[in-house]
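Asker: Single-letter residue listing:
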Amino acid sequence: MPSVLVIDDEAGVRDSIRLVLGRAGFEVNTADNGLTGVEDYLRQPADVVIVDIIMPRSNGIEVIKRIRESFPGARIIAITGGGNYGPFGYRPESIVTDAYLATATRSGADAVMTKPFHRSELIALVRSLVRN
Amino acid sequence: MLRTLNTLIGRLALLQLLMLAIMLPALFYTLETVAVRTAVRSFTQHARAYATSLARELELGDVLDSASRTVEILDGGVDCDGCVYAAVEMNGRLIGSSVAETPAWIAQRGDDVRFDRSADGVYAVAVPVRREGVTGSLYLGFDKQATLEQVRSTRVRIAEALAAYGIASIAVAILLARVVALPLMQLRTASRKVAQGDAGTQLHTNSTMVEIVDLSRDLEFMRNELVGIAERLRNEMRQRQLELAERAALERQLQHEQRLATIGTFAGGLAHEFNNILVPLMLYTEESLDQIEPTHPVRENLARILRASSSAASLIHKLLAFTRPLEERQHEPIDVAAVTNEALDLSQALMPANIHLDRQVDDLPVRVLGDATLFSQVVLNLCSNAVHAMRELGGTLSVRLTARDARPMDGSQDGHPLVELRVQDTGGGMNPETQERIFEPFFTTRDVGEGSGLGLSIVHGIVASMGGRIRVASTLGAGTEFIVELPGMAPATL
Chain A
0 MPSVLVIDDE AGVRDSIRLV LGRAGFEVNT ADNGLTGVED YLRQPADVVI VDIIMPRSNG
60 IEVIKRIRES FPGARIIAIT GGGNYGPFGY RPESIVTDAY LATATRSGAD AVMTKPFHRS
120 ELIALVRSLV RN
Chain B
0 MLRTLNTLIG RLALLQLLML AIMLPALFYT LETVAVRTAV RSFTQHARAY ATSLARELEL
60 GDVLDSASRT VEILDGGVDC DGCVYAAVEM NGRLIGSSVA ETPAWIAQRG DDVRFDRSAD
120 GVYAVAVPVR REGVTGSLYL GFDKQATLEQ VRSTRVRIAE ALAAYGIASI AVAILLARVV
180 ALPLMQLRTA SRKVAQGDAG TQLHTNSTMV EIVDLSRDLE FMRNELVGIA ERLRNEMRQR
240 QLELAERAAL ERQLQHEQRL ATIGTFAGGL AHEFNNILVP LMLYTEESLD QIEPTHPVRE
300 NLARILRASS SAASLIHKLL AFTRPLEERQ HEPIDVAAVT NEALDLSQAL MPANIHLDRQ
360 VDDLPVRVLG DATLFSQVVL NLCSNAVHAM RELGGTLSVR LTARDARPMD GSQDGHPLVE
420 LRVQDTGGGM NPETQERIFE PFFTTRDVGE GSGLGLSIVH GIVASMGGRI RVASTLGAGT
480 EFIVELPGMA PATL
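Protein chains in written order, with numbering that gives the first Met the number 0: chain A, 0 to 131; chain B, 0 to 493.
Treat each hint with caution, since some may be false.
[As the list claims (entries may be wrong)] Only some residues are given here: those of chain B computed to face chain A with a beta carbon under 8 angstroms: (1) Leu277; (2) Leu301; (3) Ile304; (4) Ser310; (5) His355; (6) Asp357.
[Said to hold, decoys possible] Computed footprint of chain B on chain A; a stretch qualifies when at least three of its residues, placed anywhere within it, have a C-beta under 8 angstroms from a C-beta of chain B: (7) 11-22; (8) 35-42.
The set of hints was computed from the structure by calculation and includes no laboratory data. Note that beta-carbon positions come from the ideal geometry of N, C-alpha and C, so glycine has one too.
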């Protein structure tokens, strides 16, 4: 069974993704912050990592970089709700969704998704990454 | 009275009067003394010479021996030159003239010596007469009336002459004062006009007096200087007020921008939270839809929840456009005239028949850095608002696109052209409170369901991302105008 690690500080996001992907036939583990997320992944690498970019403590960009360092072949999906919470904390000048996603791609994400997304989009993306 | 005395004429007349008060008595005294002395001396000398010659005549031969001849000579003496009596005393015998009465006091009185000694109008003269060693006296009396009369009339004439002189000199003083005062009064009248604000009045007099001419020239020079200074001060003040007003407007604009930025920040944060909330909402709903039977009665409700979530997602996406920063979009030189015309074509196609479009879009040689799609959205949005404002009564929608040189004050770089888009409607206009908040997200005056209140905040965001600014000018009942200013690219950088 392909495994997915979901790293997001929002419980609602984590749980709903876990439900959807779990029912779609994936083994889903979650982490509520970047630090434990990276630890979890290094201990037991998942097939696909879904990581939120804007998180307190260790943000998504750092998570992607650290995973890439150890596992250049890891498959990573970056997700974000946009707004003006930058990858390095609160950004009053308000960087928005597209910019986050561009940053995520540059830092090594295989795919990006903006919140909110449809169930079908999510499943299709994860499946395509697992297949490759 | 005091005021009259304090005038130039009053002062000069008073001075002249004082001078006359001192001079005239002195003059009168001197002149009178000389005249009186001359008259008196002439009278007395003549009387004495006459008496002496009569005495000599009596001493000749034996005249004194004969009483009749003596009387004859005395009679001859009395006859002329105001002689009123004549008598000779010789050896105690007194012989008087026969034609005049000889007063009894003649011998006692003797000689008056001084003209004014007696008060009876007679000047008594006594001269010695000698005959063979015996000395007698000839007594003559002269009438002083004529001389006194002459003295009196001389006095009157002197007084008259001095009075005439006094009057004439006062008249001359007044005349002189007027000659001096008149040009001064002209200058005063002119300077009062200047003081009352008629700065153009020339300080000029017709006088030919050097001092007055010099004074008026100096005053005129001073007036010119003052007028120049006043004009400069007025200009500076006007300039200052303009600058202050401009600065106040800029400050207001800045505050407005800051407030919008704050709202943008807030809206951005809110959008992030909402998106996070929408993820489980949509995923759980879709999951539930996937699990339940196609005929299950709850299915329709779940579909509604999903549609509402999608609307929320779309709304948040729009809100984020407001906070869209400059670097996010690909900016390239765009032909604003072409984009504006395309947007207007589209707008016109959707316009109700009661609205007339007045389009003045210059074919601009300058380009503006930006995103053509977004700028098109600006034009469409402004037009749609204008049309909405005129939807009931109809009207004219004027759209003008021009380019002009940027002023250094407005923040854009020197020498760069400024592209100006004006979208004006003839709708109901809006009050200052509405104008103040018009660019805020979610601010709308429309009824619920008619608009999100995001249109103008998105326009503002787009214009700001292009380095431009947007202003609104509106009059209640007359209409509204939105003015978009965008920095054009200098021709050299094209």
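Asker: Look at each hint and say if it fits the structure.
Answerer: Results for each hint:
| no. | hint | result |
| --- | --- | --- |
| 1 | Leu277 | holds, 4 angstroms |
| 2 | Leu301 | violated, 12 angstroms |
| 3 | Ile304 | violated, 12 angstroms |
| 4 | Ser310 | violated, 12 angstroms |
| 5 | His355 | violated, 39 angstroms |
| 6 | Asp357 | violated, 37 angstroms |
| 7 | 11-22 | holds (count 8) |
| 8 | 35-42 | violated (count 0) |
Of the numbered hints listed earlier, those contradicted by the structure are 2, 3, 4, 5, 6 and 8.
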